[in-house]
Amino acid sequence: MPVSTRNSRIIYDALKAEGIRLVSALPETWLVHLVGMADDDPEMTLVRLAKEEEGVGISAGAYLAGTRSAMLMQNHGFLASINAIVSLTQLYRVPLLMLISYRGEFGESHPWQTEGGGVTIPVLDALAIPWKKLESPDEVQKTVRDALTLSYANLRPVALLLCRDLMWEETSQRS
Amino acid sequence: MPRSDVGGDQSAIMTRLEAIEDIYPSIADHVVVTIMGATAAELYACGHRPNFFYLEHAMGLASSMGLGIALARPDLKVIVLDGDGSVLMNMGGLTTMARSDPPNLVHVVFDNEVLLSVGVSFTTATAGPADIEGIARESGIRRTATCRDPRELRRLVDEALLADELSTIVAKVDPVGPDSYFIDPHMLENRFEFERVLRKMGRSAGGDSEADGNGSSNRDGNGSSNTDGEVDREINTIGDWNE
Numbered sequence: 008m009p010v011s012t013r014n015s016r017i018i019y020d021a022l023k024a025e026g027i028r029l030v031s032a033l034p035e036t037w038l039v040h041l042v043g044m045a046d047d048d049p050e051m052t053l054v055r056l057a058k059e060e061e062g063v064g065i066s067a068g069a070y071l072a073g074t075r076s077a078m079l080m081q082n083h084g085f086l087a088s089i090n091a092i093v094s095l096t097q098l099y100r101v102p103l104l105m106l107i108s109y110r111g112e113f114g115e116s117h118p119w120q121t122e123g124g125g126v127t128i129p130v131l132d133a134l135a136i137p138w139k140k141l142e143s144p145d146e147v148q149k150t151v152r153d154a155l156t157l158s159y160a161n162l163r164p165v166a167l168l169l170c171r172d173l174m175w176e177e178t179s180q181r182s
Numbered sequence: 538m539p540r541s542d543v544g545g546d547q548s549a550i551m552t553r554l555e556a557i558e559d560i561y562p563s564i565a566d567h568v569v570v571t572i573m574g575a576t577a578a579e580l581y582a583c584g585h586r587p588n589f590f591y592l593e594h595a596m597g598l599a600s601s602m603g604l605g606i607a608l609a610r611p612d613l614k615v616i617v618l619d620g621d622g623s624v625l626m627n628m629g630g631l632t633t634m635a636r637s638d639p640p641n642l643v644h645v646v647f648d649n650e651v652l653l654s655v656g657v658s659f660t661t662a663t664a665g666p667a668d669i670e671g672i673a674r675e676s677g678i679r680r681t682a683t684c685r686d687p688r689e690l691r692r693l694v695d696e697a698l699l700a701d702e703l704s705t706i707v708a709k710v711d712p713v714g715p716d717s718y719f720i721d722p723h724m725l726e727n728r729f730e731f732e733r734v735l736r737k738m739g740r741s742a743g744g745d746s747e748a749d750g751n752g753s754s755n756r757d758g759n760g761s762s763n764t765d766g767e768v769d770r771e772i773n774t775i776g777d778w779n780e
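Residue numbers (the working numbering), protein chains in the order written: chain A, 8 to 182; chain B, 538 to 780.
These are computed hints drawn from the structure, not numbers from a lab.
Where hints are given, some of them may not hold.
[Unchecked claim] Between beta-carbon pairs, the in silico distance windows are:
#	chain 1	residue 1	chain 2	residue 2	range
1	A	145	B	778	51 to 57 Å
2	B	671	A	9	42 to 48 Å
3	B	665	A	160	28 to 34 Å
[As the list claims (entries may be wrong)] According to the in silico footprint, chain B covers these stretches of chain A (three or more CB under 8 Å from chain B):
#	stretch
4	55–66
5	97–109
6	132–145
We put the beta carbon where it would ideally sit given N, CA and C, even for glycine.
Next comes chain B alone, as it looks inside the complex:
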């Protein structure tokens, strides 16, 4: 729920689905790791790609997996789509991320202030005084931001991808989930295709286009290959990074 005690323009609050739709063109050619449930289902609804990994359990560890991938493959950009409940479950992981400081990791936290997958009754500490951007910043992550608008999120993600610096971006979103949590491929199929596509990504002349290998995008063809152009267009707008 929008809060009167935090942030500025409350009317600008977005749904997570809108936010993911907006950043999809920027992240689609990179490695993406999501948390379970609604976030995974909403990214999937925007168009599955083999370079997306949906961690459907092990709550809290999507960020740790992203860190492991980022450290193992410094030639790739890694985006983690995290949530407030998951970050709070692995808060020490923020300090580990900051300490390892991989420049190729962009950590996006969708903060809806509730454990949505079990209903809207169990609020997280971010519904109270806890501030994830503040926790990330004080953990030592130098590039942090909070936003409430999809276009602003898109710009922050583009800038973070361009910056070559570990970033945590908190996106305040409405506590609304998808109608369906269905994801096809099966978890294990996703795990194996993800491993396979990581082997190919960034290691041939085609570069990012390898991520298209399985041709499984269902986003009506507008979901890829324009990342660089979008970055150029969006850069140099008002900055509100906490650096």
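Only chain A is shown next, with the shape it has when bound in the complex:
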């Protein structure tokens, strides 16, 4: 499968190493391995969502109850979650790690992904959510750790954008 199993494993292992024990997810192509790894891991609680906004509430509840969590979603799921991010995590100062598959950037061949791709970073900036692109497997572990450190220090959400070069292995096959 052209979605990188190896890099998905590196991301998953980084989440585990940082003590993440609950993942809420609404998958898309790039996230299938990550969701599968969470599902196969008896130490991880995987919550399969109907809509991404729920995951913000679930993560906030888990955090207040002492469990570290992460959300796995596409950037369009992030766009669908904005009120929850603003009026729960930001209003109530609750940390939140969002791993967002960054569709619609350079190399995107699906027309329907392109509009959301173009506005993802401007929306993150408008919300003053610190974000970083994850493009190389070498930076994953440190960046995940740094993102969580900041989120738990300032009690606000952070976003990691899972980019095409990290998630997709073959440039000849497009998704």
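Assemble chain B onto chain A, guided by the hints.
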């Protein structure tokens, strides 16, 4: 408003405040998450406790927060006080709750068939044909009920707390709100005290009594510590769970 097309004894309709007063002794020692506005203010009026979290915004997500807490802390009982407008705004959340199926989550939905906080003119779909218990049941929540009487609600909540099974209880209530929406502590103070008390709850010999830690109940001393006795007294009455 009472409806002629749904339910049985229309005269038994209750106010939400009466309902919350009646279930307060059963829920006071557990984790409680409420929706915004009237429901939060009415629980607060019964006596604030640090194990109560009032979600004053993010409409629809009190149930999702309750789910997150229930999954993170299977050793605690979690009660969500929800509303018809909020459930309709996060209907998919019922399917997520059913799928995750935490046995320690009791989901109470006060259904007044209207978005009360903005007045009584904007009715919700439950004023028409929508049936929240039916939606919950068909979402996969196996233990569901609808009631119109505070004592019946109290019994259903007690049974749900004892049952160790995810439950959704719909309480049909009058569209009446509190005179004041004032809540002290401030939202952020509530958030931090709630996080702090969750760390202590259930993790010492004292168990539930840790919830009394901040001593902030203003319910004239009758609002706690009798949960088990009440459960014993109320159990084994007529059951109308849809199971």
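The hints, checked one at a time:
no.: 1; hint: A:145 / B:778: 51 to 57 Å; result: holds (56 Å)
no.: 2; hint: B:671 / A:9: 42 to 48 Å; result: holds (43 Å)
no.: 3; hint: B:665 / A:160: 28 to 34 Å; result: violated (48 Å)
no.: 4; hint: 55–66; result: holds (count 11)
no.: 5; hint: 97–109; result: holds (count 4)
no.: 6; hint: 132–145; result: violated (count 0)
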